[in-house]
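On the provided structure of chain A, position chain B as indicated by the hints.
Chains as they are written, first to last, in this note's numbering: chain A, 3 to 347; chain B, 3 to 347.
Keep in mind that the hints were calculated from the coordinates and are not lab data.
Glycine included, every Cβ here is placed at the ideal spot set by N, Cα and C.
There could be a bad hint or two in this list.
[What the hints assert, rightly or not] Quick list of simulated restraints, FRET-style, between CB atoms: (1) PRO68/A <-> LYS40/B: 38 to 46 Å; (2) ASP168/B <-> GLY86/A: 52 to 60 Å; (3) GLY48/B <-> LYS328/A: 22 to 30 Å; (4) LYS328/B <-> GLY324/A: 18 to 26 Å; (5) GLY86/A <-> SER322/B: 21 to 29 Å; (6) ASN80/A <-> LYS184/B: 54 to 62 Å; (7) LYS40/B <-> PRO216/A: 42 to 50 Å.
[Unchecked claim] From the derived model, a few chain B residues whose C-beta atoms are all more than 12 Å from chain A: (8) GLU64; (9) PHE78; (10) ILE95; (11) LYS161; (12) THR186; (13) LYS210; (14) PRO212; (15) PHE213; (16) LYS215; (17) THR272; (18) GLY286; (19) ILE292; (20) GLU333.
There are 2 protein chains.
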Amino acid sequence: MKYTDTLLLTRKNVADLLSLEECINAVEEAFKLYAEGKVQPPKILGVHNHKGGFHIKAGLIEKQTPFFAAKMNANFPNNMKDHGLPTIQGILIASDGGTGQLLALMDSIEITILRTGAATAVAAKYLSRPDSKTVAICGCGNQGRVSLKALMKVRSIEKVFAFDTDSVRADKFAKDLSGELKVTIEPVTDLEQNLSHSDIVVTCTPSKLPFIKPEYIRPGTFIAAVGADSEEKQELYSELLISNKIITDLTEQCATIGELHHALVNGQVTISDVYAELGEIIAGKKEGRISGSEVIIFDSTGTALQDVAAAAIVYEKAVSGGIGKKLNFSEQESNYNPAIKKKMK
Amino acid sequence: MKYTDTLLLTRKNVADLLSLEECINAVEEAFKLYAEGKVQPPKILGVHNHKGGFHIKAGLIEKQTPFFAAKMNANFPNNMKDHGLPTIQGILIASDGGTGQLLALMDSIEITILRTGAATAVAAKYLSRPDSKTVAICGCGNQGRVSLKALMKVRSIEKVFAFDTDSVRADKFAKDLSGELKVTIEPVTDLEQNLSHSDIVVTCTPSKLPFIKPEYIRPGTFIAAVGADSEEKQELYSELLISNKIITDLTEQCATIGELHHALVNGQVTISDVYAELGEIIAGKKEGRISGSEVIIFDSTGTALQDVAAAAIVYEKAVSGGIGKKLNFSEQESNYNPAIKKKMK
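In isolation and in its complexed conformation, chain A is listed as follows (with noise of 0.2 Å):
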C-alpha cells in the first residue's frame, strides 16, 4: 500500500505562489469549462448557529488530471470584536480528481479573495464597455483592493472612486493604491453623485442592507455585485434588478444566496429573466454586452468553480517550487511516547 505526502500550504505560501493573472485566466477558462459541460455541478453545504456559519464549496475540473478541491469557509462576523479574531477563517482541501489521493492542504483567505477578484475581472471583460475608463469600488477592504487591481488588468481605467462607511479605510485605500496602481483614486461619500459618473461599479462590502439605487447608476454600467454570498447579505436595491440584464457565476447559487435571492423573494423578477451564466458567455453560448447603453449587473456568490481553478494552480507551482511543509497523514508509526499513550486511554 503506497501512502503519499501531503502538501501544507500557509496563506503567505499561497499569496506568494498565485498571481492574480493566472487566476484570472483559470478562473475564466473554469467558467467555460463548466458552461460546456465538461465540469459536473459544483456543490455547497452550510452549518450554521447563532454566533456564525461554516460553509462548504466543493467541486471537481477534469483537464489533463482530474483535480478536486473542498473549500471550508468559517464566517463569524462579530470575531474581531469579540475575540480579536479574523472574521474569515478556512482551508481549502486539494485532491487528485481520479484518485482521491489528499494531495494538498492550503489556508482558503487568499485563494478566496483572489479568485473572486478573478470573476470581477473576467466579467468585466466581457460586460463592461470596452471604453470604460472611470470605477466606483464600494468597500475598501482586501476584496476591494483585488478587485481593483484585477480590473486594471483587462480595462484601461484612469479614475477610481473609493467608498467605505469608514472614510479612513477609503483614505488608506486611495492613498496606498494610486501610487501603486499609477491611477487617479479619489476618495468620496456621495453614492449618488458618484456612481452617476462611474463605468464600472463594484459592490464588496458586507452590508445587509442595499445601499445602491437604481438612479444611481446611468445607462451603459457595469455592476459587479460581490458582496451578497449569504442569504441577509444585500447590497443592490431589487428593483435595479428589474430590466437590466442579470448574469450571475451559478444561478442557483445566486438564487439562494445573492442578489437574485432578494429580487426573486420581493417577486420582482423570475429565474427566467437571468440572461445567462457567466460561463455561457465565455463559452460564446450568449452574447454579452449588445449595446453601449444597457446596464449590466453580475451577481457574484463565489464558486467552487473558481476555488478549484486556483487551487490547482497553487498546487501545481509549489509542486515545481519545491514549496510548503509535507506531512504524512497515513504514516504508521507513533510520534508520541508510549508511557503517555498508556496512561491516556
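Only chain B this time, still in chain A's reference frame:
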C-alpha cells in the same frame, strides 16, 4: 489580529488517542443530543466522476464549547488494483464552533472505522436481545474487526461466525481475534446455515448485490447493516425490510444511500414504515426492542454526528497530551527563497 496554530494529527495519532470505549460513549451521547433537538441536522455533499467520488459530512455539536467537524472521504474502489493506493482516503477538519478557529486537521480513516463500529455497538445495546451470545460478521476487513470488538463491549458474546468472499481473510480474522478477544471464532461459508443460528448479524462488505435473504434470519435477531453508504451499495434483500422493525441512523440519509433506499425504490416500504432513528431510542422517545422475537434492522449509513463526536475526543486528548505537529496556516512570513518567488511569478 490573533492567528492560532492548527494541530496536525496523523492516522497513527488518531488511533493512539481514540479508544473504542470513549468512542461508543460519545457516539451514544451525540445521537441522544440530536434526538433531543440539541444538535442541528448534519449535512452531506457528494462530488463524483467515473472513477470514484468524494463525500463530505459536516456537523456541529453544542456542548460546553461548540465543536464543528467536516469530514472529507474519497472513495475510489479500483485504487488498490490500479494504483496500489487505499480505496478510502480522507481528512477531517475540526473547528471551534463558536469562533470558526481551525483547531485541527486529522486523518479521517481511523475515525470512520471506529465511529462506525461504535454506532453498531450503541445500536446493539438498545436493539439486540440482552442475552445475545452469537454473532455473524459478514465482511472480515477492518470494519468487521472493529464491529466485533465494539459489540463485545455491550454484549457477552461467546461464539462468532466469520464470513468473507475471501476465505483467507476470514481465516486470518478468526486467528487474529479469537486469541485477542478470547472468543470462539469459526470461519464459515454457508450463510443460511450459520445466520439462522446467530443472535446478531453485522454486514460490513462493499457489496453492490444483496446477499442476506429473509429466510436466513431467525426471530429475535438484530441486524446491523453497515456496508451500504452510497446508492449503489446493498447487502440485505430489500424484502427483509418488509414487516421487520427498521431503525435508521438518520432516516433522510438512509432513504438516499442506505438499505432503506432500495426498499423505497422497490416500493416495498414507505418512509412511514421506519420505526425510529437510533437517537429517539436512546433518548427514550420511542421504545427499542419490545419482544424477544422481533427482527430489528439498524440501517447504518454513517453520520456527521458520529464524526463530530469522535473528532472532539481526539482533539481534546491531543491538546491535553501535547500530541501532534502544529502549523499556523495564517503565518505572515514567507518560508522560501525570494529569488524563487520572483522567478515563479
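Here is what the structure says about each hint:
| no. | hint | verdict |
| --- | --- | --- |
| 1 | PRO68/A <-> LYS40/B: 38 to 46 Å | holds (40 Å) |
| 2 | ASP168/B <-> GLY86/A: 52 to 60 Å | holds (56 Å) |
| 3 | GLY48/B <-> LYS328/A: 22 to 30 Å | holds (29 Å) |
| 4 | LYS328/B <-> GLY324/A: 18 to 26 Å | holds (22 Å) |
| 5 | GLY86/A <-> SER322/B: 21 to 29 Å | holds (25 Å) |
| 6 | ASN80/A <-> LYS184/B: 54 to 62 Å | holds (55 Å) |
| 7 | LYS40/B <-> PRO216/A: 42 to 50 Å | holds (46 Å) |
| 8 | GLU64 | violated (7 Å) |
| 9 | PHE78 | violated (5 Å) |
| 10 | ILE95 | violated (5 Å) |
| 11 | LYS161 | holds (28 Å) |
| 12 | THR186 | holds (27 Å) |
| 13 | LYS210 | holds (19 Å) |
| 14 | PRO212 | holds (27 Å) |
| 15 | PHE213 | holds (27 Å) |
| 16 | LYS215 | holds (34 Å) |
| 17 | THR272 | holds (27 Å) |
| 18 | GLY286 | holds (26 Å) |
| 19 | ILE292 | holds (36 Å) |
| 20 | GLU333 | violated (5 Å) |
Checked against the numbered hints given earlier, the structure breaks hints 8, 9, 10 and 20 and satisfies all the rest.
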